[in-house]
Amino acid sequence: MTQPVTIIMIEDDEGHARLIERNIRRSGVNNEIVSFQNGTDAMMHLFGADRSGLVQKGNALLILLDLNLPDMTGIDILKQIKENKYLKASPVVVLTTTDDSQEIKRCYELGCNVYITKPVNYENFANAIRQLGLFFSVIQVPPAAT
Amino acid sequence: MTAEGQRRRAFWQILLFAAGLLVLTVISAGSVYLVNKAREDSKWVVHTIEVENQINALLLEIRRAESGVRGYLLTQGENFRVDHEKAVAAIIPALDKLTRLSGDNPGQRENVEKLSAAIEIRLGQFAQEMVFIQQGQPDKAAALVREAAAQDTTTRIATVANAMAQEEERLFRLRTANSDHSQTLAASMTGIGSGLVVVLAMLSIWLVRRSAGARDEAEARLRDANVNLEAVVDERTADLREANDEIQRFAYIVSHDLRSPLVNIMGFTSELEELGGDIFRRMSSLAHVSAEGAPLAPAGPGEIALEGADKQLSEDFSEALGFIKTSIAKMDRLISAILNLTREGRREFQPVKIDTRELIEAIVSTLAHQAAEAQAEIHLEPLPDLVSDRLALEQIFSNLIDNAIKYLKPGMPGEIRIRGRTKLGYAIFEISDNGRGIDPKDHQRIFDLFRRAGTQDKPGQGIGLAHVRALVRRLGGTMSVSSELNAGSTFTITLPIAWNVSNRNTDR
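Going line by line, the protein sequences match chains A and B. Here full-length UniProt numbering is used: position 79 in the first sequence is 79, and no number is missing along the way. Here full-length UniProt numbering is used: position 218 in the second sequence is 218, and no number is missing along the way.
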């Protein structure tokens, strides 16, 4: 792999974002993390001004996605990511408070790679993120479509 | 139409009816009376005519007798003598009849007496004349005839008879007038009465029609009200359903959104805890450094050697964090409970045929470990099968049986009994135990969300019974408890034997 993976974190709650980042760092992952607090900014970054996704062509990305965003639902973002030819190969980790089975099913159907419920219990939370770190180390982020 | 108006109308109807009846009775009585009177009057008219006839018949017989005597005297013809004798024989009965007929009238009676006296004299003369003729003394007979004619006997007879006839004539006129009067009276009475009856009948008809109109109107209004009522009920049901959905969504969103900040609170509290650990560890190492002049090897994690005020500080810090963490954990459990309840409330029920015994046996086997620990025996009596939602039934029974095992009296072998029967399309299940029981004042409270009763020595959120009751209600059933403190509890569930989606599919 010639290019380090960039972690894109779309999370409106600053606290959550901070906790996630800390735990990722604690698990020994040092990749760059780019945070977005709303869907619009994230979409702009991912798809570019022309909405084609061309800006991310050739970049290796891993996307951490919260479902409850102030301006749009994470489901929409997930759907568009998985429909875009430049982005669809990027792994998406849905990380949210919703533990509704319907919602989880829906995310998997749309192509999400991992679904993690944010537990209130911090031990579990930290564990989940650390496992995610483990996941980062084993996952093969495919070379982006050229 | 007011009740007052109705009562007044009814009163008037009764009054009219009574008046009609009274008028009819009066008319009938009056008519009977007047008809009788008219008949009486007619009888008297007829009587007068009869008396007149009788007078004329009497006079006629007397004339016949007289003419018979004269004829006999002139011709000595036997036929005249027979004629005369017949006439004489008829005079007395005719006179008797007249006497009888005119007996009612004192004036006439007097006249009849005068008449009969005159007739008697005349009859005596007749007899004398006949005797003279038969003795061959026609001269004497003729003289007697002349004498009789000359004397006023015949005249008197005629006069009296005339007077009588005139009297009868007067009576005839009077009685005819009377009779006419009675008949006119009877006719007018009947006429007026009939008119009155007709008027009353018309009044009644008018009243009846009016009340019938009022009734029709009331019926129409009732129909409208019924139709409206259905519409209103539909509307309200829709409103309620919407409100219910709204509450479900609200509960879901609120509990969901409450969770987000809770993750932060918990996360940063844990971070703080760790930070606190670091700070106090550092304090301890600094204290040791300053006290002994040389740095010690850093203490192992979790092993903080502090003294005096610093130790107190560290303990207070940990205690505060501990309270925060337990509170957060509790809040998380409550939020999860609400989430689960709303999720359960939104689940679609699927009616399937359920072997109740099998279902409960499965539950009992999963609870066997707890039951053994609590020294509880579970007895299953024959249970009716039903068509219902399997998962809901499982949750209902496992909650109730779990409660029964959980709240037994400590140190006393438990006995839990599950009975079932059917009644009027409903299956009634009773889950009874010999446990600690529930104070009657708490019987309502135990079904409320997050509320518990009795000694709080078992873990729980106060959700089970609220959940069970919500499920039972959604399945179209009811639920109740009967229990006394220290005397065991019996929970009774009544469920429709054949539940289907249409029963309660609106209740989502």
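FYI, nobody ran anything at the bench for these hints, they're computed from the structure. The beta-carbon is built from N, C-alpha and C at its ideal position, and this holds for glycine as well. Check each hint, because a few of them may be wrong.
Claimed, not checked - Estimated spans, in silico, between C-beta atoms of each pair: (1) A:R18 / B:N340: 27 to 35 angstroms; (2) B:K441 / A:Q131: 44 to 52 angstroms; (3) B:S336 / A:K82: 39 to 47 angstroms; (4) B:I253 / A:K82: 48 to 56 angstroms; (5) B:R236 / A:N68: 52 to 60 angstroms; (6) A:A49 / B:F450: 50 to 58 angstroms; (7) B:E219 / A:T73: 18 to 26 angstroms; (8) A:K105 / B:F450: 48 to 56 angstroms; (9) B:P459 / A:A49: 54 to 62 angstroms; (10) A:Y108 / B:D457: 37 to 45 angstroms; (11) B:K441 / A:Y108: 16 to 24 angstroms; (12) A:K79 / B:R236: 51 to 59 angstroms; (13) B:L485 / A:G28: 57 to 65 angstroms; (14) A:G28 / B:R451: 45 to 53 angstroms.
What the hints assert, rightly or not - Simulated coverage check for chain A against chain B, where a stretch passes if three residues somewhere in it have a Cβ under 8 angstroms from a Cβ of chain B: (15) 36-42; (16) 81-88.
Taking the hints in turn, this is what the structure says about them:
no., hint, result
1, A:R18 / B:N340: 27 to 35 angstroms, "holds, 29 angstroms"
2, B:K441 / A:Q131: 44 to 52 angstroms, "holds, 50 angstroms"
3, B:S336 / A:K82: 39 to 47 angstroms, "violated, 30 angstroms"
4, B:I253 / A:K82: 48 to 56 angstroms, "violated, 26 angstroms"
5, B:R236 / A:N68: 52 to 60 angstroms, "violated, 34 angstroms"
6, A:A49 / B:F450: 50 to 58 angstroms, "holds, 51 angstroms"
7, B:E219 / A:T73: 18 to 26 angstroms, "violated, 57 angstroms"
8, A:K105 / B:F450: 48 to 56 angstroms, "violated, 30 angstroms"
9, B:P459 / A:A49: 54 to 62 angstroms, "holds, 56 angstroms"
10, A:Y108 / B:D457: 37 to 45 angstroms, "holds, 43 angstroms"
11, B:K441 / A:Y108: 16 to 24 angstroms, "violated, 50 angstroms"
12, A:K79 / B:R236: 51 to 59 angstroms, "violated, 40 angstroms"
13, B:L485 / A:G28: 57 to 65 angstroms, "holds, 59 angstroms"
14, A:G28 / B:R451: 45 to 53 angstroms, "holds, 48 angstroms"
15, 36-42, "violated (count 0)"
16, 81-88, "violated (count 0)"
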